[in-house]
Each structure stands twice: as structure tokens, then as C-alpha cells.
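Peer 1: Each chain is listed here by its residues.
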Amino acid sequence: MHIETDVVHGGQHPDKWTGALSPPIYQTSTFVFRDADHGARLFKGEEKGHIYTRISNPTIELLAKKIAFLESTDAGLIFASGLAAIYNVVVNLVDSGSNVISDDTIYGGTFTLFKNVLPKTGIKVVFVDASDPLQVTSAINEQTKLIFIETPANPTLKMIDIAKCAEIAQKRNIPLCVDNTFATPYLQKPVELGADIVVHSATKYFGGHGDIIGGVAVGRQSFIEKLWKDAKDIGACISPFNAWLILRGLKTLAVRMERHCANAQKIAEFLAGHDKVEKVYYPGLRSHPGYDVAKRQMWGAGGMIGFDVKGGKPAGKVLMNSVALCTLAVSLGDVDTLIEHPASMTHSGYSEAELKETGINPGFVRISVGLEHVDDLIDDLKQALARI
Amino acid sequence: MNEGVQKYVEKAKKMVAERERYLKEQVKKWKFDTIAVHGAYSVEEAINNNQGSIIEPIYMSTSQAFRDSDEMEAALAYLIPAWTYSRIHNPSIGYLEDTLALLDGYGFDGITGCCTASSGMSAIASAVDPFLVRIGSRQNEPINFVSNAQIYGGTFQQFSIRKMRERGIECRWISDPNDINEWASKIDKNTRFLFGELPSNPGLMFFDMKAVIDLAHENGIPVIFDTTIATPALLRPITLGADIVIHSVTKTLTASGFGIAGAVIARKNIVTNIENDEMKADFATYIKLLPNRDMGWCISPMQAIMTLNDIRTLRSKMDLLSRNSMTVAEFLSEHAKISQVNYLGLKDHPLHGVASKYLWLVDAEHDEQYGKSVNRYGHLMSFQFKNGVQAARRFFDNLQRIWRATDLGRIKSVATIPSISTHQQMGEDLRSMASIPEDLVRLCIGAEHPDDMIKDLEQALSHI
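From first to last, the protein sequence lines are chains E and W.
Take this note's numbering: the last position of the first sequence gets the number 405, and nothing is skipped along the way.
Take this note's numbering: the last position of the second sequence gets the number 1171, and nothing is skipped along the way.
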């Protein structure tokens, strides 16, 4: 089947109990047992069934099945957020004293989790530039239990060759986990390229409408079962209502992604030709260092663009204060176009030197291109850039 | 009927019989609170139909899928209980309807049914329109119905404009509903039903319901009561012999304020002079499956479950809200700047006696806090000012914690000036007929501590 069909039907059937075409929202904390033995069998895992929504829930389970199906793998678990998904995967696979090798360009929240939180549990994170396979190979040691990459990476759209990383990981029998939030299975299926685990912030393109927080981890049945054993005790569960909204969002993933990509390509080309723009980071432009990798492993370049405006931080700030249609906000993957200037917004506390250290140029701006008409977005950027 | 359809019908018969047995042998024997918490959602219903979920799932789905054409035929012909399409029915909506029917039927030996609607106003239309038909031998006769004049402004509008002016159906207004002779004098052979709202919003009209019910039935017509303000925790007209009850479910039944909804509750075998046996036998099911299906004013399944959640604590909530209101009403009645307080719980209210005959906190005699029957009067009151409309506005504008909003029945205290809001559309003449003076403030006390509400009222009054 095509992905357009899969997002609508995949992993989903009319509710077997009542025939409801759209799945019911099981907004319940707990489930009744037929009798004491039934309860005992459920707890021992001798019979399948639901006990308590932190442990499992029909609406949430349906979402996990659907995303696993879309990512061409066996099974999945849904979490309270993308970070909760990543945290659960890492602590499940990596014990105290062992290490994770992670690419150095990852979402800021993931970076903070890896740099500040995981070391407290004795888990070491070794940062490398995974776009250079040699760096990954040479970082691996006996204690390496997981390789983690995000591609395209937030915020510079750095591309990493998933197949190459998978080859290295498989040789050493180390699982490879890919954060596929930016691409979604509409553009890229890491499991088909050799990855073992795929994680998502479902808050972004999966939900698509900016109304929920959620996270996903999918992989082989045996791994997900192992992950579930810890996850039910860690308790980073999602609300059934949020799971239902993600199920609803997924149905239009294909049509949304198609438009996100088309709009972003045009905006990236417009920005690349603008005299107030220093540099554009978009995998759909030939000038992007990851252009060839993107062509190989993605079916489109996605809806995220980064660019440096000339004039650094003050220029970036003027741009932020001049856009009228683009919304100043963090998060991404929404139907609305969201724009963010790290130097004056999320990273405004950083000195110039500190910004440099994190690899964020003072004039760097990130756009999550929405579903508005692209001409209106370009007009807005045009008038805002003119004020710099 | 082919063999396949027959099979589904047989299976459904068993299911329906089992459900009726459960309702009769178990649910109808429970106390009010137990019914409010569980309704008809049994352990079997959870395990067999809902994966064991202890909370009724939100069936946020437009349609039901069928196994085969036989099941579809049986469902669409209403031969088996099915839901088909959420404009017609839906499992979540069904759970709410079960609970509402059982609560208004609490203390009534017979069977009650419920049909929800998208709002209280559509519930009223659902309840009255089936009686205002021109069918059979009554094709060309004039149509009228009788209603007390002191009713909610929206209802007044629906009756006076939509029915009277636009459809030529006469609404005969009763100015003193405690005068049974006035009711009797308005009834003739063309009268289709009697309608009463009590306690009324905002004037707190109350009357001897039993006399009106008897009068209607002597004339072969039904009585429809809107008891939104009382809720079934204080008043259940069907137990007194009434035929149909309507609620704006938006109000105290959904005290959290999570949306708009309405409901019609009817007993089986209503009294009517309309030639329609189906309607007479089971009014709620009739309007649900036929007129309401065609009118389309259905409720959302999400709304149904949110309301259901609110209803689970209805009795204790109505008790608390009533007690808080009593405290506040007593404070206001002693305040120098207030000319008059209308609250049915105040002993000097002219209708206190008749209201006390009917408004009882359900199951107070089984509540260890009381151990005997206890009157409760709800949380609606209204009052006027010695210095008239200017004072009313000044007071209103200075409220700090009590919300200024056209709302009532909330867990939060809310005040409004009906003459410029809820009853503005009536115009001055009709307002005076419905006893809604310009300086009347309507207040609905919530679950806050009454001391804090009194402080807010006190400071607002100090600005006059």
C-alpha cells in the first residue's frame, strides 16, 4: 500500500466491540476484572487485557500499533512526550557505567537530557559528529549500548546517513535509535535503512495541530516488550485523549507533509536568493552539505528551514518583530508557520561566546513552514526582511 | 425478514431482556447516589462491550460499522438496538441518557426514557413539537397550549415568536399559576399540553404541580415541566404523575460549565390526545429515533461523557450549593441597600410554603448527616435594590470574584442582570408581564465558601 493509504487505514480497524469507525476514547484510569482469577491472569501476563492506563489502554495501544505499522516495524509504546520516549529507551538499554554514542547536533531538550540528566544515573553520553562514520566507529567501546542520531537534526537540518550508521551499529551488535520527528515515515523510514528503534516527538507532525504533547518509540516486538516492562514502572504515560488526537492527526499526515515540503522548498529558494540572507540550511537545496544524503534516504526535504540573516542578533530581532503572519513560537510541525530566533528568544541568556560554542549563529532563524498559501508566507518574510 | 436478519433480532431480544432484568432487579433498587455514579453501565457492559473500561468510553465516532448487510438492515429498520450514526444515537450518549432517565425516574415505579439534545432549547422543541402537529382528523383545527408566563427568556421567545407568530400556534399564558382556575379556563379541546417551568428563571415562580398534573390528565393532555433549576436531586415531576420533564443539562447537571446540552425525560404511556400510538407508548424513544433523527439537534459524545462525570456527584453538590445559597440569601435579605430578595428558601418568600411541599433533597432520610427529610431550594436567587437600576448596575460592575455572565448552575458563582441579558430579547412590556424589573440581579451561588462570596457582595454593595 502507499503511505497515503497507510496513514488512513494502517493498523486500524473498526472497533471490534461496537463497530465504531473512529476509535472510542477510553478515558479511564482503570479496568474491571471478571473475577479474581481473571485479574491474576492479567497481572501474570497469562491473558491479554487492560488493567490500568499507566500500564496499557485500548486507545493508546491502537496508536502504538498504527505508528509501528507506518514505521515498518513490529510494535511500539506511546509516552507523555518525545523526551519521555527517548529517556525510556536510553535507560532501558544503557545501564549505569555504560555509554550512549550520540550525534552532537540534536534537539536542545534531548541534549540537556543527555548532558545533565543521564550522567546523574551513571549513564555516559559520548558526543560525536555522526555524519562522519569514522567518528562513530572510533568512539565505540565495550560499554557502548546504544547509538543515537536525529536526522534531519534540529535546528541546522544536519543530515546523517542512516544506512551507514546502521552498518556500523550492526557490526558491533549495538542498537541504533533514530529520532525521526522532522522527517516522519512519510519522508523516511529508518527501520528500512537498518535502524532498530525509531523515536518521535508526536507533538510535532504526528499531532500536527499544535494541541497535544506526546512521544513514541517503535521497534521489534522483543524490544518493545522489554521497554514496556520498565516503562510501566517509570510511568511516563500519555492521556488517552491525547493519543486519540494523535490518531486523528495521523490520518492527514500525508497531505500535510506534502504541502509542508512544497511550501518549504519554495521558501528556502526565496531565502537563498535574498540579499539580506547569509546562508540557508535546507536539505532540499543543492548548497546544503546533506543534499545527497537527503536525496538517498528521504522522499522529500521536509518542512523545516534554518537561515542566517546578515547583521547577526539585532537583525534577527528586527525580523522577529516584523513578521505579521508567521507566529513567534517554539515547537514545530503545526499547521501554522512558526518562526524562532534562538539568539533573542530560546537562547537569549547566552553570551556570544556561549552561542558560538553551541553552534548557533547570532543571526540564525528557524522556520517551521505551515500550511498557509506559500505566497502569503513569502510576502510576510519579504516585508519583514525589508525592515532589517 | 430473511433468516440472517432474524438471527440478529433474536440475539438482540436476549440482550434487551437481560438489560431490562438488570435495570429492574438491580439498578432500580439502588439509592440516588449509586444510580448517579453508575447509571446502567454494568460490569458486564464494561467487560463484554468496552474492554473492561470502568469509565464509559467516549465514542468519538460518526458511524458504526456493520458485520454484514443483515445486521445493517436490522439496525436501520430499528429492529435491534444499534447506534448506526451519531446523529441518531451513540454508545456514549446512551450511557448519559440511561443515567438521566433513571435519576428523574427515581422513586417512580414505572419505566422512564431519555432523549438528549444539543441544548436545553432544542430539548424544549423536541418535547413540545410532537404535540403541535396537524395530523389525521385534526388537520385544520387551531392549536394551542398553555404555559406559565414566568419562564426563561429563551423559552418565552421560542413560544411567543417561533410558535405563535411564525406558526400560528397559540400559547396561552398563565399569569398566576397557583390559581388552578386560571389554568382550567385556558384549556379547550384544541389544547395540546400544559407547560410549566419551576422554579422559574429568574423570578423563582413555584406552584402546586400536583393540581396542574391532575387538571391536565382530566382533560386528556400531558404536562411538560422544565425543572432545570431544581435538578432531579430536588424535584422529580414524573414521580408526581407528570408525563415529560425537560432540562437544560448545561446548568447544574453540568455544573463544571463544560458545554451545552439538553434532555427530555418521559415516562412510558403518556397521556395525550394526539393519534400516535408509538409516541404515546414510549415518547423518549419515539422522539429519539424519529423526529430528532430528522431535526438533527444531537449532542456530542464528548459532551455526553463530560456531563456524565458531573452528574455522578449531583446530590451532594445540590445540597452544598443550596446551603451556600441559603447563607447568602439570608445575608442579602438583611442588607440595608437591598429592597427584596427572591429565594424560595427564605421563610418570607410568598411561595416558600408551596415550594417546601415539593423541593426535598433526595435521600436526605438515608444520609447520616440528616437522617430525616430536608428541604433544599437550589442555587438560584434574584434581588432588587432600594435605589433601582443605577444601584443595580453599580453593584454589578463592582463584583470582583463573582463572575458577570449570562450563566447559572455553575460550580462558580455567577451573576447577571436579566433585563439587559438573558431576558433582553423579550422587550419591556413582556418583561413586566413575566415580572422581570430592570434592577433585578440574578445570582447563582457556587461551591466557593459562602463567607468569601458574602465579602464580595458586601464590597460591591458598598459602592452604591
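Don't take each hint at face value.
[Said to hold, decoys possible] Across the chosen pairs, the derived CB separations fall in these ranges:
hint, chain 1, residue 1, chain 2, residue 2, range
1, E, D393, W, F965, 47 to 57 Å
2, E, L38, W, V750, 19 to 29 Å
3, E, A180, W, A784, 54 to 64 Å
Don't read these hints as lab results, they were simulated from the structure.
Here a beta-carbon is modelled for each residue, glycine too, at the ideal position from N, C-alpha and C.
Peer 1: Indicate, hint by hint, whether the structure satisfies it.
Peer 2: Now for the hints, and whether the structure bears them out:
Under the hint 47 to 57 Å, the C-beta atoms of D393(E) and F965(W), about 36 Å apart, miss the expected range. Against the hinted window of 19 to 29 Å, the Cβ-Cβ separation of L38(E) and V750(W) comes to about 27 Å, which satisfies the hint. Taking 54 to 64 Å as the suggested C-beta distance range, the pair A180(E) and A784(W) conforms, at roughly 58 Å.
Checked against the numbered hints given earlier, this structure breaks only hint 1.
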